[in-house]
Amino acid sequence: MSDKSSTAKRKKNWLSIFLRSAVSTGILSFLFFKVDWTKITSVVERSNPIDIVLGIFFGGCQVFFSAVRWKILLQTQEIFIPMFKAFELTLIGQFFNAFLLGSTGGDIVRIYYIVKLYPEKKTAGSLSVIYDRVIGLVGLILIGQLLALNFFKLFEAHPITRHAVWLFFSISLFILFLFGLILFFPNIFSFDKRKKKTISLFSKQNLNNLIDAISRYRYGKKENFMALCYSVISHGSTLIMAYCATRSLHLDIPFLFLASILAIVSVLISIPVTISGLGVREGLIVVFFQLLGIKAEPALSFSLLVFAMSVFWSLVGGIVYLRYKKP
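Under our numbering, the residues of the sequence shown are numbered 1 to 327, in order.
Simulated from the structure, these hints should not be mistaken for laboratory data.
Every residue, glycine too, gets a C-beta built ideally from N, C-alpha and C.
Check the hints yourself; a few may be wrong.
Quick list of in silico lysine-lysine cross-link-like pairs, DSS-like style, CA-CA up to 25 Å [stated by the list, open to error]:
(1) K122 x K222
(2) K295 x K121
(3) K85 x K116
(4) K295 x K116
(5) K85 x K325
(6) K121 x K221
(7) K295 x K85
(8) K295 x K122
(9) K85 x K122
(10) K221 x K122
(11) K121 x K85
(12) K295 x K153
(13) K222 x K121
Between beta-carbon pairs, the in silico distance windows are [said to hold, decoys possible]:
(14) N208 x F152: 44 to 54 Å
(15) D212 x N48: 31 to 41 Å
(16) H250 x K122: 43 to 53 Å
(17) H158 x I319: 41 to 51 Å
(18) A157 x Y219: 42 to 52 Å
(19) K222 x F185: 18 to 28 Å
(20) W166 x K221: 27 to 37 Å
Please model the entire structure based on the sequences and the hints provided.
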């Protein structure tokens with residue numbers, strides 16, 4: 001039975017990848033035939049390289065502040081690593097996030113390395129990576145909700161943007177509710193004596209370690225606040241990077257409006273409908289930009305430029321990965 005179940009699971013995983021790839025390919029193909037690529041070439045040729053370099057710099061700031069946030073969360077679990085090591089592993093995670101299927105490949109790699117460094121704190125180290133991802137998402141949600149309310153009437157002007165904003169609010173409230181439930185009611189993970197046949201990965205000891213690790217975050221109010229602040233700073237660096245892309249392409253877009261769009265889109269593409277959000281991200285940006293009268297070609301050029309800026313640091317992470325001395 002175990003062989004059959006594992007075979008069925010593999011088939012299910014491959015089917016999921018195939019369907020997500022098909023959705024991504026379909027949306028990108030639609031955009032490919034809809035836009036005039038000669039206009040995109042013209043937009044790119046007129047871009048300002050100084051703003052591109054500045055945007056890449058702020059992209060690096062985003063990675064650095066994310067590393068600082070993770071280091072704080074590791075310290076809460078009494079795992080102390082040098083700042084340079086945290087930055088190294090964050091860059092490596094950035095590399096795998098960009099080039100593995102899905103947006104969690106880098107998290108799995110970070111978990112692998114931190115467990116290798118601190119095998120006696122396997123549960124705490126693994127939770128730090130997951131909690132780091134959650135804190136980052138919470139910071140993005142808070143920025144998005146505040147700004148989305150400010151531009152709500154404008155977003156209601158188009159049916160796609162209206163549905164996107166309402167979906168964003170629904171997902172955001174659910175994530176905040178779940179975050180509060182796990183953080184303030186950690187006993188929901190308590191070991192049930194009636195379930196003796198729990199999978200070995202979730203043995204009584206491991207569950208108790210998980211509850212203890214969650215409790216550290218629950219009572220670490222100062223650490224939570226600092227991590228959340230660095231999350232906002234990290235996302236702010238990403239938004240400035242994107243704003244530099246609009247300046248480079250000579251697009252007249254207010255910074256706060258751009259920030260609200262990117263926050264909404266970033267949360268929506270976390271839904272595993274496509275591969276790493278490909279297609280959905282580009283399609284939503286095109287529609288949102290239309291609210292300001294910006295055509296599809298400049299909007300798609302912007303999306304591709306921001307993606308290229310992010311890929312630059314992913315490539316740097318790849319170089320770090322090749323040179324990294326594994327513990």
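Right, here's what the structure says about each hint:
1. Between K122 and K222 the CA atoms are separated by roughly 24 Å; this keeps the pair inside 25 Å, and the hint holds.
2. Proximity of K295 to K121 is assessed by CA-CA distance (about 52 Å); at most 25 Å being required, the pair is judged violated.
3. Pair hint K85 plus K116 holds up; C-alpha atoms about 13 Å apart against a cutoff of 25 Å.
4. A threshold of 25 Å between alpha carbons decides the hint, and for K295 with K116 the separation of about 49 Å lies outside it, so the pair is violated.
5. For the hint pairing K85 with K325, the CA-to-CA distance comes to about 11 Å; that is within 25 Å, so the pair holds.
6. Of the supplied pair hints, the one linking K121 and K221 holds, its CA atoms being roughly 22 Å apart against a limit of 25 Å.
7. Taking the CA atoms of K295 and K85, the gap is near 44 Å; set against the 25 Å cutoff, the hint is violated.
8. With a CA separation close to 50 Å, the supplied pair K295 and K122 exceeds the 25 Å bound.
9. Between K85 and K122 the alpha-carbon distance is near 18 Å, which keeps this suggested pair within the 25 Å criterion.
10. The hinted pair formed by K221 and K122 meets the criterion: a straight-line CA distance of about 23 Å does not exceed 25 Å.
11. For the given pair, K121 sits about 17 Å from K85 by alpha-carbon distance, which is consistent with the 25 Å threshold.
12. Taking the CA atoms of K295 and K153, the gap is about 21 Å. The hint holds against a cut of 25 Å.
13. A distance of roughly 22 Å separates the Cα atoms of K222 and K121; the hinted pair therefore holds under the 25 Å criterion.
14. The beta-carbon spacing between N208 and F152, approximately 45 Å, falls within the hinted interval of 44 to 54 Å.
15. A hinted range of 31 to 41 Å for the beta carbons of D212 and N48 is inconsistent with their spacing of about 52 Å.
16. Evaluation of the 43 to 53 Å hint for H250 and K122 yields a pass: the beta carbon distance comes to about 51 Å.
17. The hinted range of 41 to 51 Å is satisfied by H158 and I319, whose Cβ atoms lie roughly 42 Å apart.
18. Between A157 and Y219 the C-beta distance comes to about 46 Å, which sits within the given range of 42 to 52 Å.
19. Restraint check, K222 to F185: a C-beta distance of roughly 21 Å satisfies the suggested window 18 to 28 Å.
20. A hinted range of 27 to 37 Å for the beta carbons of W166 and K221 is consistent with their spacing of about 33 Å.
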